[in-house]
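**Q** Dock chain one against chain two, each of which comes alone in its own frame, and use the hints as you go.
The chain contents come next:
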Amino acid sequence: MNNGDKDHAALAQQFNRDEPRVNWHDETLWWVRAKRDKAAHTIPGWEHLRETASRIKNNVLSNMYGYLQQFEENARKNGVIVHWAADAGEHNEIVCGILQKHGINKMVKSKSMLTEECHLNDYLQQNGIEVIDTDLGERIVQLAKEPPSHIVLPCIHKKKEEIGELFHEHLGTPEGNADPQFLTHAARLHLREKFLTRRAALTGVNFAIAETGEFVVCTNEGNADMGAHLADVHIACMGFEKLLPQRKHLGVFLRLLARSATGQPITTYSSHFKKPRKGQEMHIVLVDNGRSVQLGREDFRNSLKCIRCGACMNTCPVYRRSGGHSYHTAVAGPIGSILAPNLDMRKYADLPFASTLCGSCSNVCPVKIDIHDQLYKWRQVLMKEGYGPAAKKLAMKGMTFTLSNPGVYRFAGKTGRWVMGKMPFIVNNKLNPWYKQREMPEPPAQSFNEWYKKNRKAD
Amino acid sequence: MTVALFVPCYIDQFYPQVAIATLELLEKFGVKVVYPPDQTCCGQPMANSGFEHLTHSCNELFIKNFAGFDYIVCPSGSCTLHIKDHLHHEKEEEKAGQIRKRVYELTEFLTDVLKVEALDARFPHKVGVHQSCHGQRGLQLSQMSELVAEPFSKPGHLLKMVEGLELIELNRVDECCGFGGTFCVAEEAVSVKMGKDRVKDHVEHGAEYITGGDMSCLMHLEGILRRQNSKVQVKHIAEILNSKQ
Numbered sequence: 060m061n062n063g064d065k066d067h068a069a070l071a072q073q074f075n076r077d078e079p080r081v082n083w084h085d086e087t088l089w090w091v092r093a094k095r096d097k098a099a100h101t102i103p104g105w106e107h108l109r110e111t112a113s114r115i116k117n118n119v120l121s122n123m124y125g126y127l128q129q130f131e132e133n134a135r136k137n138g139v140i141v142h143w144a145a146d147a148g149e150h151n152e153i154v155c156g157i158l159q160k161h162g163i164n165k166m167v168k169s170k171s172m173l174t175e176e177c178h179l180n181d182y183l184q185q186n187g188i189e190v191i192d193t194d195l196g197e198r199i200v201q202l203a204k205e206p207p208s209h210i211v212l213p214c215i216h217k218k219k220e221e222i223g224e225l226f227h228e229h230l231g232t233p234e235g236n237a238d239p240q241f242l243t244h245a246a247r248l249h250l251r252e253k254f255l256t257r258r259a260a261l262t263g264v265n266f267a268i269a270e271t272g273e274f275v276v277c278t279n280e281g282n283a284d285m286g287a288h289l290a291d292v293h294i295a296c297m298g299f300e301k302l303l304p305q306r307k308h309l310g311v312f313l314r315l316l317a318r319s320a321t322g323q324p325i326t327t328y329s330s331h332f333k334k335p336r337k338g339q340e341m342h343i344v345l346v347d348n349g350r351s352v353q354l355g356r357e358d359f360r361n362s363l364k365c366i367r368c369g370a371c372m373n374t375c376p377v378y379r380r381s382g383g384h385s386y387h388t389a390v391a392g393p394i395g396s397i398l399a400p401n402l403d404m405r406k407y408a409d410l411p412f413a414s415t416l417c418g419s420c421s422n423v424c425p426v427k428i429d430i431h432d433q434l435y436k437w438r439q440v441l442m443k444e445g446y447g448p449a450a451k452k453l454a455m456k457g458m459t460f461t462l463s464n465p466g467v468y469r470f471a472g473k474t475g476r477w478v479m480g481k482m483p484f485i486v487n488n489k490l491n492p493w494y495k496q497r498e499m500p501e502p503p504a505q506s507f508n509e510w511y512k513k514n515r516k517a518d
Numbered sequence: 215m216t217v218a219l220f221v222p223c224y225i226d227q228f229y230p231q232v233a234i235a236t237l238e239l240l241e242k243f244g245v246k247v248v249y250p251p252d253q254t255c256c257g258q259p260m261a262n263s264g265f266e267h268l269t270h271s272c273n274e275l276f277i278k279n280f281a282g283f284d285y286i287v288c289p290s291g292s293c294t295l296h297i298k299d300h301l302h303h304e305k306e307e308e309k310a311g312q313i314r315k316r317v318y319e320l321t322e323f324l325t326d327v328l329k330v331e332a333l334d335a336r337f338p339h340k341v342g343v344h345q346s347c348h349g350q351r352g353l354q355l356s357q358m359s360e361l362v363a364e365p366f367s368k369p370g371h372l373l374k375m376v377e378g379l380e381l382i383e384l385n386r387v388d389e390c391c392g393f394g395g396t397f398c399v400a401e402e403a404v405s406v407k408m409g410k411d412r413v414k415d416h417v418e419h420g421a422e423y424i425t426g427g428d429m430s431c432l433m434h435l436e437g438i439l440r441r442q443n444s445k446v447q448v449k450h451i452a453e454i455l456n457s458k459q
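Residue numbers (my numbering), protein chains in the order written: chain G, 60 to 518; chain R, 215 to 459.
Same shape as in the complex, but just chain R (with noise of 0.2 Å):
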């Protein structure tokens, strides 16, 4: 099994840490993981934003980059619902839609593909569990608390497997943290506040790390941690599945 490991943009250039822990959480499982190094963004800032028409070379670019592979695997829900929902082009439609079906976010990956039910991590800390809306409501990690359905959760069964580590509950499970794209800057005040509403949940409840599938919407709530002059720190979920603490 080839694995293409598809690295977001904003992990690429700021937490690059990310990356290497989804890299050998991967080869850990005996996966024969590739990195493409001429991939850049999947398009979804503009995209979002509005401008998906103008995603034509980008979806070029990471149609080059990605066929032809088993599966695609990447670090953030959001990245990979983008490329689910959106990747398409008129010259190579069949690949574009080899790539939708092939790609997959790290732990969905894990829990589906792999099928892993054991893990040889240690983090013996307070962890609370940010669900990044994207890859909950999108990809469906995790059952969605507006619906009567039976509960479940991919990155919560995973992070039972890591020896020491306590999950904290919240008050809301699924409260959007306010990242949200190009919504954190055009919506500076309302993003802001959803992002303290976020932090202080797992704050109160004792969290000691918040960890969660898309470090886009960590990267925020690390923005108003440590601007609050914080203890409570931010980790990947993949840097702690990976963790031998």
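So that you can see chain G by itself, here it is in the shape it has in the complex (with noise of 0.2 Å):
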């Protein structure tokens, strides 16, 4: 999906002009935050548990290069081969090599934000081979040639009519029919062809365990397992952050991880993947795509600490009503606004102002990331980098002057105040976008600052 160069503002300006669907979007977000809140409420020491998940979190950022090694020894000896990229670029090539190495042109894949964020499809449907998405969600997404909307929720943007209307075009399913369950069940049929006539299956990573040089998967649909069960290679791709130090700490994230996504107390399948079965080939893809950078930032290394729940998306009032293709990054939401600008301070500079920062992000995160401070920090950093527009700047300048003298200050309120009251088109107009769709506030006669020279000096 082309944006073209809209911001964040004018994509979610686009958004609101359905408002009824604005309102079903925030309204089934808002239920799997409650969802959520009420898995939270129900097992005990879930603060506990979240601030155990930061350390061990934290320990793992401090530890990285040890770890990395520990992991990549272990896999290694576990009969895996292990791959290094050090961007998107390298990590396309490195999974299209494995494929034209096995002479493979067609591919099943799992869920994998990592692959959005290299833009793997595109890629390996340039050099000829055929990535079949086996996510419900991302197959929808996929059919309809969008991204993906939310990190755990693909197509949370579709409505189940709109599904059987892309069903019917692609998948010959009768007009008219979105029944969610009749869907399904043709989902069911036009992926079980796939899994069985694919050579290769590639999956994400939720977790991987430096001790033993395993890692984990998590679906509720079981598709990971399905591919790399069939396939005859298995390439499993994750950003270096997913490890953790030892099996043991799996407990902690598995309890957070579903309750803290759909308010499950775990997903369907939590599948360990540790050595190739006989005959079959196992890769892992450690990709860095800036994340050795953001680890160095001092200010934003444990965005790092982010195991992709997707909590912060559906608490955040400003994600609910924009949609997340409005983020125009892979990984959309309150998170993706602190982990874009790392990767192209450009492009993705609007993204930490799409936010009021009302810090609910940073509460239900289940690693406790600071999430909406680091929005603020990155919001200092892109201005004074010069990636804010001139006019705003100048605004700003003119704004400190008038506010760090008294008598400007005086001067320009009891102005302003006096044609608000006298000519009031010159603010209620539609340059004017406060005046748009709420009215001004009513001047009064005076300032409290007059009114306590008037009623108080005397005392």
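FYI, nobody ran anything at the bench for these hints, they're computed from the structure.
Capping the alpha-carbon separation at 20 Å, the derived lysine to any residue pairs in SDA-like fashion look like this: (1) Lys298/R x Asp432/G; (2) Lys97/G x Ala363/R; (3) Lys512/G x Pro230/R; (4) Lys160/G x Tyr182/G.
Chain G side only, calculated, beta carbon under 7 Å to chain R, not exhaustive: (5) Gln72; (6) Asn75; (7) Ala99; (8) Glu106; (9) Ser381; (10) Met455; (11) Leu462; (12) Tyr468; (13) Trp493; (14) Pro503; (15) Ser506; (16) Tyr511.
All C-beta atoms in this analysis are idealised placements derived from N, C-alpha and C, irrespective of residue type, glycine included.
**A** Okay, here's the thing in structure tokens:
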């Protein structure tokens, strides 16, 4: 999907043209947030669990070098082929190379936000390799030729009627049938054929264990298992921050992940992969793609604690009312807005401003990332480095001048209120974004400062 | 005890009655209140827009106005939080540090410092409370719905002392209203939609008034209510706590 050069505000405005749809999107995701609250309240020690997870991840970030080496060594001992990719390009070349070596031109893929981040599907397609996404939500957006709008619920922006139409067009289901059970069954039959005929399967990685060299993939549909178990070649791609030191730490993270994401106690499948079965080839691609740069940014490094549960999106009042695509990046929402500027400050300078800094994201985060504080800090970095519009900078300088000089401030305030009172058309017009859908405050006859001078000066 | 009254710029210019109510309320409890007349703004509009590096002279002025008082009290959670988190000055860091420690939002000053347990106030209306995020999640004036923790509310504690006042329940107890400083114009579409949804929650539950600790959020909600020709009004919590209807 090409959004051109539109920024978050423009794309959000586009999304808001259909208010009933915004209501539906907001309420759907709020329902997920409410489920998360319920799940969090049903187990003892939720806040303690978050704190523990945060500390484990802090340990990982502080010892990344050692854990990565340990993981690689153990994975190799298990018979897995380990690759290192410095960036998205290298990642794509490695995956393509493995497939070409085996003469494979068709592959199934379970959910992996990393491959979205790297735009793997486009790259493989350009190299004559067909990729079928097997997560139902991802398959739906793939058929619609759109990117996922949510990291856990990729097609949450689509209504069932729209999915019915897509399936009618691509899978030959009867026109006008939007029954979820019927459509799911149609998808199942369609995907079953792909699973049985593809020789290679790519999966993401939720957690990788340094101590054992194994990795865990969490799905609700079992599609990662279906792909990996039937294929001759299993490629697992992971951002290097997915590491955990020891297997026992999984107990903390598996308890947090699904409860934070959807309010389920655990994902239907939490599959552990350790070594290739007889005759199978297993690859792990460890990807940096800006992560080591982020690790070096003191204020932003702990964004790498993220376990991609999507709770910050579900709770975000802006995300719920602007939709995932308005963030024009693979990982949308609050977490995406602190990850994306690390990759490209110019392109994503708008994202840290797509927030009211309400702080709800930081409170739901299962690994306690200070998301809203980082949004504030990214704003400072981006503006200081000149990624803001020149007009904004000028306006801010003017404002600083006014607010630093009490006389100028009082004069400007008095003049402003006089103009608003006597010539309201100067502010009440379409050039004023406030006035478009809101009334301006009614200017009082005197400021508090003036009132105080008249009424209390004599005290 | 001498308290300096810190009046946010938009209250000074557009809602003087909120500052008057704050002043009168503090005086009712026997506090000596000083209003430094040369105050302007805390600098938050620039800082939240990414220009904290331009707030140097604003900080200097703030320190000049507010250094040396026992407490600084402000009828805004947002401005208080900004000072608490971001007031710095390389030459006056000691004074800045003192101010950061001594600045209080009005309701937390009433409950935590003055330990108010009774109020001579009457406001016989159905009232919805809008929890402004910076006061709630930043200053922790009330428990946050995301956390698994004991509920409490400092503004709620005070409102319960007002005679005749009936607090209404809301579907979403602490959803942001969408004001967000410059967000309200930079992201106009989402800001307004958030405000409309917040207003709807209050109206559907029968609120006659929407109150809160931040006039900026209330100004945004008021703009929407007035555009809808609604009879529902906004009132800052200081006005209600100081009310004798």
